[in-house]
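Chains as they are written, first to last, in my numbering: chain Y, 1 to 201; chain X, 1 to 201.
Treat the hints with caution; some may be incorrect.
Remember, identical chains collapse to one label, so a pair may be satisfied in a single copy or spanning two.
Calculated cross-link-like contacts (lysine-lysine; reagent style BS3-like; alpha-carbon spacing at most 30 Å) [said to hold, decoys possible]:
hint, residue 1, residue 2
1, K155, K76
2, K10, K29
3, K10, K155
4, K186, K115
5, K115, K169
6, K29, K186
7, K155, K15
8, K186, K13
9, K13, K155
10, K76, K194
11, K169, K186
12, K76, K15
13, K15, K29
14, K194, K29
15, K155, K194
16, K76, K10
Because the hints were derived from the structure by calculation, they are not lab data. Since we're looking at a predicted model, the values are computed, not measured.
Protein chains: 2
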Amino acid sequence: MRSDEEHTEKMKKIKSARDRIMEERQGEKGLIVVHTGPGKGKSSSAFGMVIRAIAHEMPCAVVQFIKGGRETGERKLLTTHFSHLCQFHTMGEGFTWETQDRARDIAAAQAGWDKAKELIRDPAIRLVLLDEINIALRNDYLDIAEVCAFLQGEKPEMTHVILTGRNAKPELIEIADLVTEMEVVKHPWRAGIKAQPGIEF
Amino acid sequence: MRSDEEHTEKMKKIKSARDRIMEERQGEKGLIVVHTGPGKGKSSSAFGMVIRAIAHEMPCAVVQFIKGGRETGERKLLTTHFSHLCQFHTMGEGFTWETQDRARDIAAAQAGWDKAKELIRDPAIRLVLLDEINIALRNDYLDIAEVCAFLQGEKPEMTHVILTGRNAKPELIEIADLVTEMEVVKHPWRAGIKAQPGIEF
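Assemble the whole structure, with the sequences as input and the hints as a guide.
As structure tokens, this is what we get:
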């Protein structure tokens, strides 16, 4: 263990390095944020960011591209308490392995994307979450080139857009500002524990 | 691109595999959840889970082991709107590289852990978030063996405990049920963009 003097010295160094970095970082801009990878936390941290935005009274919007049959906690809470600050759109049934109807899946994804474009174009909306859109892109229900071109060309300067879902396409990662990969270290499903309220939904 | 028939076939297979897995997973129990790694989303996804729990009307509690000077969106929102369902404790100044006083840091971490034990022991509280506790453990402000023994021995069966912060200790990962590592793929700070409301706080 370090002595108290060494500790103080080390903390001083950390503080001065951090202060210097903070001074250099003056830029502010709307970010293209991607949460991908097989681990948990892609959607929940995106919803955490929506909650932060709401707390700062930044108007925001959510488009859900996959919808299970189950009502999620986040949808219930956002639509019950914060509908004045956060629009919530779940596109039709969404598409999932439950529907098994490709034409309907493509139509649902496209309707979601049309709504997403409308929300992103509105400069009053400061943060738009496109939840599980990576699944639609992965299945080629949406055209990755069109999505990237829109985000680069038409997203207002100060608007944040968060795109979640595993297997994010390389083209999207290329144009994104902030990309996090959630890795599974341990998962309780492997031990026979089912999805539980508060944890998975 | 797959033909529609191939697609339907594939989706059928996914659905039946998934249905089978869901049938097998009947267990329900309180989980020890760890969010670690250098990437973004450790705390925001934990707060997303707190929000889910609140939406399901599960009483919960947050202990913050690091406190910057800045009021965070999540604290503001939880204390303003949901104080009936979620207790929020920030221990003193918390400890950071800002304090540069080891004795005070250890006292703050220990006070946080004492509060954490009291909250976890209360079976009415269904989810307890120990935000950034891994930093206190990493700096040996708290004893990892004591923390692990308490979680294994005294946590009520149905209570979820979430522990966040980079550099989670191997002993903690060993006893956890669900561990996610957030990896940085791209970070805008590297491009000179500062921390922004809705994204980082």
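Against the structure, test the hints numbered earlier, and report the numbers of the ones violated in rising order. Structure breaks hints 2, 3, 7, 9 and 16.
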